[in-house]
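Undergrad: These protein sequences, in sequence, are chains A and B. At position 65 of the first sequence the residue is numbered 65 (my numbering), and the sequence of numbers has no breaks. At position 97 of the second sequence the residue is numbered 1097 (my numbering), and the sequence of numbers has no breaks.
If you're looking for bench data, these hints aren't it; they were derived computationally from the structure. Everything numeric in this text was worked out from a predicted model, so none of it was measured. Please note that a few of the clues may not be correct.
With a cut-off of at most 27 Å between alpha-carbon atoms, the simulated DSS-like pairs for lysine-lysine come out as follows [unchecked claim]:
(1) Lys290/A with Lys1108/B
(2) Lys248/A with Lys260/A
(3) Lys1246/B with Lys28/A
(4) Lys1200/B with Lys260/A
(5) Lys1246/B with Lys323/A
(6) Lys218/A with Lys187/A
(7) Lys323/A with Lys262/A
(8) Lys262/A with Lys1051/B
With the C-beta cut set under 8 Å, the calculated list includes, among others, these residues of chain A facing chain B [said to hold, decoys possible]:
(9) Gln134
(10) Val135
(11) Glu148
(12) Val173
(13) Leu175
(14) Tyr191
(15) Gly228
(16) Lys262
Every residue, glycine too, gets a C-beta built ideally from N, C-alpha and C.
Listed below are the residues making up each chain.
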Amino acid sequence: MGDILALVEHRRGEIRDATFEVMTCGRKLADQTGSRLTAVLLGSDTDAMVTSLKRHAHRILVVDDPAFKDFNNEFYRAALADIVAREQPLMTLVGHTAYGIEVASALGAELDVPFTTDCISVEMADDRPVAVRQVYDGKLNERVSFREAPSYLVSLRAGATAAEEGDADGEVVALETPPLPDPAHLKFLDYIEAVTGDVDITKADIVVSVGRGIKEEKNIPLVEEFAGAIGGVLACSRPVADAEWLPKDRLVGSSGKTIKPKLYIAIGISGSFQHLTGMKNSDTIIAINKDPEAPIFNEADYGIVDDLFKVLPALKNSIAEMKQ
Amino acid sequence: MNIIVLMKRVPQTAEAEVRVDSSGKRIDREHLTFDTNEFDTYALEEAVLLKEKHGGTITAFSVGPPDSQDTLRVALAKGADEAVRIKAEDFGDLDGYKTAQLLHAAVKDIPYDIIFAGTMASDDSYYQVGVVLARLLGIPHATLVSRIEADGDKADLFKEVEGGLQEHIQITLPALIAVQTGINVPRYASLIAIRKAAKKEIRTLGREEISPEGLRANTQVEELFIPPVTKRAEILEGDVEEVSAKMAAILKEKGLL
Ligand SMILES: Cc1cc2nc3c(=O)[nH]c(=O)nc-3n(C[C@H](O)[C@H](O)[C@H](O)COP(=O)(O)OP(=O)(O)OC[C@H]3O[C@@H](n4cnc5c(N)ncnc54)[C@H](O)[C@@H]3O)c2cc1C
Ligand SMILES: Nc1ncnc2c1ncn2[C@@H]1O[C@H](COP(=O)(O)O)[C@@H](O)[C@H]1O
């Protein structure tokens, strides 16, 4: 049976956390199928990265080439297509990350292997993979089967698997750079740093966070006052930052900040996976949402199921009384 | 500039109760409302902004059941010149790959400079239809795009990666660009435009018109189920005054006030 192949993802010379999660899943699949986990690293100046991979994979295929210093989906897809075609793995695993989104399905389509994306788990059942994915705004999960083929490909949701320590001692195999597409198709130019403002929400003890449930910009002062009353800073979910009702540096989640305050109050936020990633390690989480089925209640410690426009004024009063 | 926009009509599930139907594999669509996938309203707006700047035409494509034409009509009202529905009812169960194959068959012979898509659709959450279409067409692509500067046969794209960092890349057109939400402020369609759009023809492509070679799904849904919960919040019971008092007491007890 073919190996399990895992793509290594890195940015600015550092391996991304998602890679260790993918390798954890990959080792389990390898154990289950009696095969090996092979990590594939496309990078430049790879020595330090290779060292940190050794424990995690049984074999490490390395292409060291300046073309792979920064991420370029055209180069990745072409090089991986070449490597996967030669290796004939049972399964190729990619993290479902900003990079993985661009690589996984392009690679699957190029090689015409059955694939699916953003899986929270994948297992082998009678020689065929079974994957679980989250659908409909996180309200349901689906279990999917694949059409039969010698090789499969799956991208794994970042943060869905806990990364575990490996005890392998990976054999390192250097590969020649496979033929790459015309570099004019897509060029990496530079990074643009995240914006920073006057308030650093990562440093606050109490964070009051507002989501699409607030409905209109003119309602923002309501949560502002509430945050003031409880002595917290104001943060938000993506729709509020997208609409520019609050600045981008107040965004909590995978494309914003990761915070661990003593108290996080989520107001009119459904609790999408991308949002939860940014706040689930807060000490105490309170959710105010009128939908009892909102996924946020599966992460919160305390919940109020009601209209936020009724709850906020009442809660503000109760807090003021309690503070006296 | 010739622009194609990919748009999907999806159930609005963020605030609704979502039930599985008797097949165990599909949702009960009866009591849900449907609207254009949020990402795709941003994709369309970006197309309209480019057309306003550079001229050209916009064609919107949707693979879906007959009511997908509601989404296409709104696209026509907001600035699309033509709209095409690919008749999902003709092609059996679809996954992201098969959807992309159908779109490929529909667009491969028409001229375009840019194909806009959303990064993901909120129902199936594949994050793949645009990417796969680009690969089937053999054109470059980018996803999570939050700013575009297109000029001639090149476009500068600013892509969101984790933690608020952006990557600035340059891509050669024709290309497929999958946008991130917040890239622009989608316009509302005027009443006059909506009335005009109601009279426009929406072309349909079914099995008679397109028959992609090797059309097949990669995956099949075996079961839809409510995610198992490992933790559940303690829901405070009572009227608004009561729950507020309880909440405040908890905060006090925890030393958070
Ligand atoms: C690559 C990528 C990265 C992303 N990164 C992030 C990120 O960093 N952070 C982030 O937050 N999102 C991120 N998102 C978006 C994410 O998927 C969700 O779309 C978003 O988190 C939803 O925000 P929300 O909960 O405010 O809105 P919705 O999901 O629309 O939820 C609104 C909630 O408000 C409730 N509500 C409505 N009215 C009331 C009322 N009157 N009283 C009480 N409750 C009410 C509803 O019941 C609902 O639960 C990302 C998406 C992608 C694709
Ligand atoms: N049925 C469809 N019809 C038209 N476009 C679609 C369809 N499904 C997906 N897309 C496009 O592909 C993007 C990503 O969808 P998905 O891969 O399903 O998450 C969407 O934002 C749309 O732009």
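Undergrad: A separate judgement is required for each hint: does it hold in the structure or not?
TA: For each hint, the structure was consulted:
1. Proposed proximity of Lys290/A and Lys1108/B is contradicted: the alpha carbons are some 46 Å apart, above 27 Å.
2. With a C-alpha separation of about 18 Å, the suggested pairing of Lys248/A with Lys260/A holds against the 27 Å cut-off.
3. Distance restraint check for Lys1246/B and Lys28/A: the Cα-Cα separation of roughly 45 Å exceeds the 27 Å cut-off, and the hinted pair is therefore not satisfied.
4. Restraint check for Lys1200/B and Lys260/A: the C-alpha separation of about 53 Å exceeds 27 Å, so the hint is violated.
5. For the hint pairing Lys1246/B with Lys323/A, the CA-to-CA distance comes to about 14 Å; that is within 27 Å, so the pair holds.
6. Taken as a hint, the Lys218/A and Lys187/A pair is broken in the structure, with Cα atoms around 42 Å apart against an allowance of 27 Å.
7. As the CA atoms of Lys323/A and Lys262/A are separated by approximately 18 Å, the hinted pair is consistent with the 27 Å bound.
8. Among the hinted pairs, Lys262/A with Lys1051/B is inconsistent with the structure: their alpha-carbon atoms are about 49 Å apart, more than 27 Å.
9. About 7 Å separates the beta-carbon of Gln134/A from the nearest beta-carbon of chain B, less than 8 Å, and the hint is met.
10. For Val135/A, the interface hint holds, since its Cβ comes within 8 Å of a Cβ in chain B; the closest pair sits about 6 Å apart.
11. Because the smallest distance between the Cβ of Glu148/A and any Cβ of chain B comes to about 11 Å, over 8 Å, the interface hint for this residue is violated.
12. Taken as an interface hint, Val173/A does not check out: its beta carbon lies about 28 Å from the nearest beta carbon of chain B, beyond 8 Å.
13. Proximity of Leu175/A to chain B is violated relative to the hint, the smallest CB-CB distance being about 23 Å (cut-off 8 Å).
14. For the restraint placing Tyr191/A at the interface with chain B, the shortest Cβ-Cβ distance is roughly 6 Å, inside the 8 Å limit, so the hint holds.
15. Given the 8 Å rule on beta carbons, the hint for Gly228/A is violated: about 14 Å separates it from the nearest Cβ of chain B.
16. With its C-beta approaching chain B no nearer than about 6 Å, Lys262/A sits inside the 8 Å limit, and its interface hint holds.
Of the hints listed earlier, those the structure fails to meet are numbers 1, 3, 4, 6, 8, 11, 12, 13, 15, in rising order.
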